[in-house]
Every structure is written in structure tokens, then in C-alpha cells.
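My request is simple: use the sequences and hints to build the entire structure.
Residues 1 to 139 (the numbering used here) make up the sequence shown, in order.
Just so you know, these hints were derived from the structure itself, not from any lab.
Values in this document were obtained by computation on a predicted structure and should not be read as measured data.
Accuracy of the hints is not assured; some may be wrong.
Said to hold, decoys possible - Listed next, with one range per pair, are the computed distances between beta-carbon atoms:
1) 113 to 69: 21 to 27 Å
2) 114 to 83: 29 to 35 Å
3) 96 to 11: 20 to 26 Å
Here a beta-carbon is modelled for each residue, glycine too, at the ideal position from N, C-alpha and C.
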Amino acid sequence: MASPVAADSGRPFDRRVYAMVAHIPPGQLATYGQVAELIGAWGCARQVGWALRRLPLPSEVPWHRVVNAQGRIAMSPGREGSDWMQRELLLAEGIAVAPDGRLPLARHRWHPPAALLPEAGDAWTPEPPGPALRSCTKD
Numbered sequence: 001m002a003s004p005v006a007a008d009s010g011r012p013f014d015r016r017v018y019a020m021v022a023h024i025p026p027g028q029l030a031t032y033g034q035v036a037e038l039i040g041a042w043g044c045a046r047q048v049g050w051a052l053r054r055l056p057l058p059s060e061v062p063w064h065r066v067v068n069a070q071g072r073i074a075m076s077p078g079r080e081g082s083d084w085m086q087r088e089l090l091l092a093e094g095i096a097v098a099p100d101g102r103l104p105l106a107r108h109r110w111h112p113p114a115a116l117l118p119e120a121g122d123a124w125t126p127e128p129p130g131p132a133l134r135s136c137t138k139d
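Shown next as C-alpha cells:
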């Protein structure tokens, strides 16, 4: 189910993100933090967002199904129009989007199958924060 883009990415972290996001079915939503947890990168929601931003568009990876923890599309000029693309793609899947980007996250939240859930022994823990920035992309 993973797309060719996911396989071609040079970043292992990005490939893990794309492979997980490829499992989100139409009409369902996940949060950046949820994806981070599912790939064993707790606390790396922002990095999940950056990985999705690196996708060339159009993409077979359903990046538009991943939203922030408040259940909103992050509407921002810095997104160079991808916020409006995300809105249109979600509307096409039957998910209502308010003018300010709010979504019915509780109604459409993705509940991944048990086979995709990380096992207790598989948890990846980033280095503790120190003088240097912690890396959420360690593989």
C-alpha cells in the first residue's frame, strides 16, 4: 500500500512516516502526534509534519488525512496553498471543514488495526534533550 514516493525518499524517518500514513483510509483522520507514536517516535509530531511537507505534490501518500492535535488544518501562507488543497481533498472524502480549518476529528479519527500498533519492546526513545537539539529522525 506504500507509494513509490515513500520507497524513494532518502530519509529513513520520512519513509516510516509515509508508510504509516499510507494506511489511513479515505474519510478518516490522524494527527501528527498519532503518526509519530505509531512509528515509535514519541514527541516528534512536528517532524512528522515536516516529513509530509517534503512530499512532492501530487502524491499517492494521503498526506491530507493528517491534521494537528486540535483537529484543524493549519492554515498558513507558509504552506504555499497546500492548506487549501488539503481542505478540498478532505471535502471530497466527505469530511466537513469549517472556514477556519476546524474538522470533526472525534467523528473521523482513525483507529489503526492492532497489527500497526507499536509493541512495548519496540519503542524508540529519542536522546534526552541537552545542549544540542534532540533528533527525532534517529534510525
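Hint-by-hint comparison with the structure:
no. : hint                  : verdict
1   : 113 to 69: 21 to 27 Å : holds (22 Å)
2   : 114 to 83: 29 to 35 Å : holds (33 Å)
3   : 96 to 11: 20 to 26 Å  : violated (34 Å)
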